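Chemist: Starting from the given sequences, assemble the full structure and let the hints guide the process.
Protein chains in written order, with numbering that gives the first Met the number 0: chain A, 0 to 160; chain B, 0 to 347.
Derived by calculation from the structure, the hints in this document are not laboratory data.
All the given hints hold, so there is nothing to weed out.
With a straight-line cut-off of 20 Å between C-alpha atoms, the simulated PhoX-like cross-links for lysine-lysine are: (1) B:89 to A:67; (2) B:180 to B:191; (3) A:149 to B:191; (4) B:160 to B:184; (5) A:153 to B:189; (6) A:149 to B:189; (7) A:67 to A:119; (8) A:14 to A:119; (9) B:160 to B:189; (10) A:14 to A:127; (11) A:14 to A:24; (12) A:149 to B:180; (13) A:29 to A:119; (14) A:29 to A:86; (15) B:180 to B:34; (16) A:21 to A:127; (17) A:119 to A:24; (18) A:119 to A:21; (19) A:153 to B:191; (20) B:184 to A:149; (21) B:34 to A:153; (22) A:29 to A:87; (23) A:153 to B:180; (24) B:184 to A:153.
Computed list of chain B residues with no C-beta within reach of chain A, every gap over 12 Å: (25) 146; (26) 156; (27) 163.
These figures come from a predicted structure and were not determined experimentally.
Think of the CB as a built atom: it goes at the ideal place given N, C-alpha and C, for glycine as much as any other residue.
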Amino acid sequence: MTDDSLIIYEEQINKIDTLLSKMLKGCEAKCALLVDKDGHLITRQGFTHSLDTTALAALLAGSFASTKEIARLVGEPEFSVLFHQGKKDHIHMSIVGDRSILVVLFDDRTTIGMVRLYAKETSLELAKVFEEITGKSGAKTGLSSEFADKAQEKLDDIFQD
Amino acid sequence: MVSINYSLREVCCKIVYYGPGLSGKTTNLQYVHSKVPSDTRGRLVSLATEADRTLYFDFLPINIGTINGFQAKFQLYTVPGQVYYNATRKLVLRGVDGIVFVADSQPDKVDENLESLANLVENLSEYGYDINELPVVIQYNKRDLPAVLPVEELQLKLNEKGWPYFEASATVGNGVFDTLKLIIKLVLEKAKSTSSPKIAPTQKAAVTPAPPEMERVPVEQVDAAPVSQTSPESSATAGSVSVQAAPPTSQPDGAGVHPETEEDSAYRPYPGSVEEKSRQKRISQASFPAATRGELDAESLEKNIVSDEDSAARKSRDATVLPQMAPSLRRRGLGKKRGFFKRLFGVK
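Modeler: Structural data, given as structure tokens:
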């Protein structure tokens, strides 16, 4: 149910960011995003300033979800790697653990092989971090009631006809 | 599920507009997009056909601002309403926090509404969600049209569970914000109530911006967890890649867990196929230098073990950037080239 909220602490994000930047350095890709399968952006590294990462995360998660459904139709549990090739920029997506997707954007300065190699390696390490996150969220934290009340005040300001 | 990110300092919720085709789900989002200040909303992404029918989903991120040091973000999705697109419709529901059911108030659309509602329950149950536990708001849309069914009748037919409802006319915007405000309120209340009362003090601490004791808690668990994970994993993969002779002593620090071997345990080529042979080769190549690329007899296995320890030692020596692959690649490449030229020019 909705109890399986994803709660990530700074400590873990730092760890994830280190892994991502290490990977970017290794394979000379442009940037990397870590996206929840629900379409939430978890973190990003590299040159992401010019990108609408929120929309990108939602679309990438959607594309991965539809690929999973395609996999199911052909009798596979899921396709673990997805690759989009463009004229200049390419996107490599691979699955991390059971609920997130590692997205690497790269161009012709590197090769798909390098990206695959490093992404595979990094996925495994990230999966370990995520196991800790899911193991940890047994001690559940949630939003305080204060949060909901304050949000309500803001809503009235923003949503006016 | 509500996603709380302590690094980006944001709380993210997913709200899905569900309903039959042409009931006005996308119009709802378009209205919100047009009326909300531009610093509050992101771009409206619409995956639609050429005839402007939603193909996959529409997506509108909304950021209502900072509350207690956290950005409250809401992602509004619509689903494709047409019966034909059920597969994609189901995908959008993944991880949903709240649902707005947009019903068409016209008399001839009652059956479609009912069908869509049943489909919603069915699709949710496939993810293991129970509609009774999710916040749902019904929106009776198209109230501006002549000869629409009275709300009482629609309530009787569609709203057995007594969900809150609004009358709306999405094209002009009546009731759109009321629906959105209520669903956001219900989602946040739901997120609040899912946290158990026992941990109320930590819960408060969690929402205030990064208190030091909150940060320390994860560290201990981070350190403790991998130790327990690596050992069963390594022994499991060692068994599955048919290098059974390798004693457990060869991988005391989990260095033997190669990415290739782990993935291979799930991948099964046809027995006797070229792929399987190359797979066997790959295992030995990945772990060892070119010399031990042949059959897996006892002697070569012993060599393997030794070279595996070598690689572990090498790994610890230059543990800077992903040491497992770069050195082995280079070494393998060199060995191959020398052999090739020797053969080519007949050098002994």
